[in-house]
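Heads up: the protein sequence lines correspond to chains Z and R, in order. For the first sequence, the residue numbers in the working numbering are 1 to 323. For the second sequence, the residue numbers in the working numbering are 1 to 220.
It should be emphasised that the hints constitute simulated quantities derived from the structure, not laboratory data. Every clue listed holds true.
Lysine to any residue pairs mimicking SDA-like chemistry, simulated, CA-CA at most 25 angstroms apart:
| id | chain 1 | residue 1 | chain 2 | residue 2 |
| --- | --- | --- | --- | --- |
| 1 | R | Lys142 | Z | Asn118 |
| 2 | Z | Lys163 | R | Pro151 |
| 3 | Z | Lys163 | R | Phe3 |
Computed spacing ranges between beta-carbons, pair by pair:
| id | chain 1 | residue 1 | chain 2 | residue 2 | range |
| --- | --- | --- | --- | --- | --- |
| 4 | R | Leu5 | Z | Asn68 | 27 to 35 angstroms |
| 5 | R | Asp198 | Z | Asp78 | 27 to 35 angstroms |
| 6 | R | Gly69 | Z | Asn35 | 33 to 41 angstroms |
| 7 | Z | Asn24 | R | Arg207 | 23 to 31 angstroms |
Listed next, the stretches of chain Z that the computed footprint assigns to chain R, with coverage defined by at least 3 CB atoms under 8 angstroms from CB atoms of chain R:
| id | stretch |
| --- | --- |
| 8 | 76-87 |
| 9 | 100-111 |
| 10 | 125-134 |
These numbers come from a predicted model, not from an experiment. Don't be surprised by glycine CBs; every beta carbon is placed ideally from N, CA and C.
Below, each chain spelled out in residue letters.
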Amino acid sequence: MKYTAYAATMRSVWFSEDEGESWNRLLTPTGGMYNEARCWSITTHPKRPGELLVGTDQGLYRWTKESNRFNYIPSPMDNLQILHIEQAPDDPNFIVCGTRPAEIFISEDNGFSWTRSNLDASTECWFINTPRVTSIHFDPLDYNTIWLTIEIDGIFRSQDRGKTWEVLNDGLLDCDTHDLVFIDGNNGRTILCSSEAGLHKSFDNGQNWDHSPIPEAPWPYFRGVKERADGGGVIFASVADRPSGETGILLISHDNGESWKKSPIPEPVNTTIWSIGTNPADPSIIFAATLFGQIFRSQDGGETWKKMKREMGEIHMIAWQPS
Amino acid sequence: MSFYLYRPHIAGPSNNITTPDIIIDRVAIHTDNTTHLVPSNQLSSQVEIQFTNEPFEATPCYVLVAAGGGVLFSTGIIINSNGNSLGSAQALISRSAWRFSNLLKHISTIELIHYMGPATSPEVFGTQPIHELQKPANIMEKISGNREALPRGTIVFCCADQLRHTFKSPESLAVCIEDSTLRRNLTHRIQILSTEQDRWSNRPLPRYTVGPVGDVEHYI
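Given only the sequences and the hints, what does the whole structure look like? Please build it.
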């Protein structure tokens with residue numbers, strides 16, 4: 001399958017049309033965004049092939065294959081860092097953006113108008129000064145339910161598409177939460193939550209969390225958790241010495257997070273694996289990127305990995321979609 | 001924009017700094033014993049503003065800002081055209097701030113000082129002890145029912161009405177709060193530029209450059 005990979009970096013978004021071997025940015029004169037723009041987030045949607053939403057330090061942008069440029073989307077977020085974007089699985093016009101400071105902005109009309117949600121996240125944090133949204137998830141069993149992780153404020157859930165929110169932090173060792181994975185099977189639901197204090201699990205839909213020690217993890221700092229796009233019980237978790245530290249590893253579980261082993265990512269890994277990019281169009285193709293610019297690609301569902309020759313400055317998110 | 005992103009540098013009593021970014025969407029000005037809500041898009045931390053070449057009023061203030069780690073205490077100034085309602089005033093706040101909780105025990109020693117003139121040779125225009133103004137705790141209680149907290153997103157400018165002055169031409173102004181107990185001060189200096197002033201004596205048309213020409217490849 002022909003596909004395009006995207007890397008959101010501190011120097012705009014890079015595109016790869018050859019499976020991650022080479023990467024380029026749009027032409028400066030006509031690209032629609034300056035080439036040193038800090039890009040924090042990207043998202044694609046299966047119902048919108050050839051479209052990419054990009055969260056930057058100067059607002060929200062939409063790239064389309066037809067225009068091949070970033071078109072600015074007016075929003076109240078121009079002065080904020082747009083750290084995460086998600087579109088409702090059943091309606092790509094329903095867009096949720098998470099920012100720094102930790103706020104949620106929602107558009108129900110494909111970005112024409114925006115509402116700032118009444119998310120009562122902490123406005124200040126001693127450790128990082130300004131809390132921020134680290135992940136947004138539409139509940140796979142109920143698209144009206146939206147989950148957030150906030151650093152450093154914990155896990156938030158809305159059961160009315162962002163109108164009201166509740167905090168679900170009972171049992172977390174640490175509210176420095178990063179990411180979630182939902183596992184729904186015959187035995188009910190398990191939710192995994194990565195945090196700076198390790199992996200947590202909830203068996204009661206987020207009401208309570210239990211710390212889940214992972215002996216294979218040499219450090220407690222868990223960043224991303226991601227399920228392989230086929231939903232077959234394969235989960236990845238990135239673990240590192242610290243957020244912008246010296247090295248990191250990728251753990252893989254073949255049994256929905258019950259047991260883990262170290263994934264054979266080529267070493268040395270130069271810091272935390274910050275982002276893992278999957279797409280249901282082909283669950284075997286997975287990209288992983290470190291915060292300091294290394295890119296890894298798997299073509300067999302995460303069993304083996306290749307380090308791509310090209311490195312970027314700083315990568316905050318990586319994704320791909322069919323061309 | 002229906003909110004302003006305030007980026008304070010908050011100095012603690014031992015001169016440690018914290019720098020949260022705080023969204024402000026409720027701006028109040030307390031003056032003449034009345035609290036007025038004004039649009040948040042007139043709030044800023046600018047140090048240079050333009051003003052039409054007509055008389056304007058400048059009122060020094062102390063400022064309270066809601067923050068998760070405790071209410072911030074800073075300084076600011078309200079600039080308004082003579083006779084205009086507060087709804088069109090510019091509310092300017094310093095990016096430097098202190099925690100109100102660190103001032104509670106000696107708030108009576110803190111003074112608000114209004115300067116005019118250039119930074120190199122400012123003249124004291126007037127001085128006002130904070131405790132002679134509306135007390136911060138009273139303002140907070142009136143707004144939130146709590147004498148030591150404000151609701152999220154809220155900022156309150158408390159005007160030193162006695163120091164209000166009408167200026168007939170552009171001016172350099174500064175407002176300083178001086179904490180003699182902890183031996184520190186916090187100043188916000190404003191340069192007011194006339195819209196009639198032009199740094200170009202003969203303002204040129206904007207220039208254009210095409211970048212590389214000829215056989216030079218464009219690498220950016």
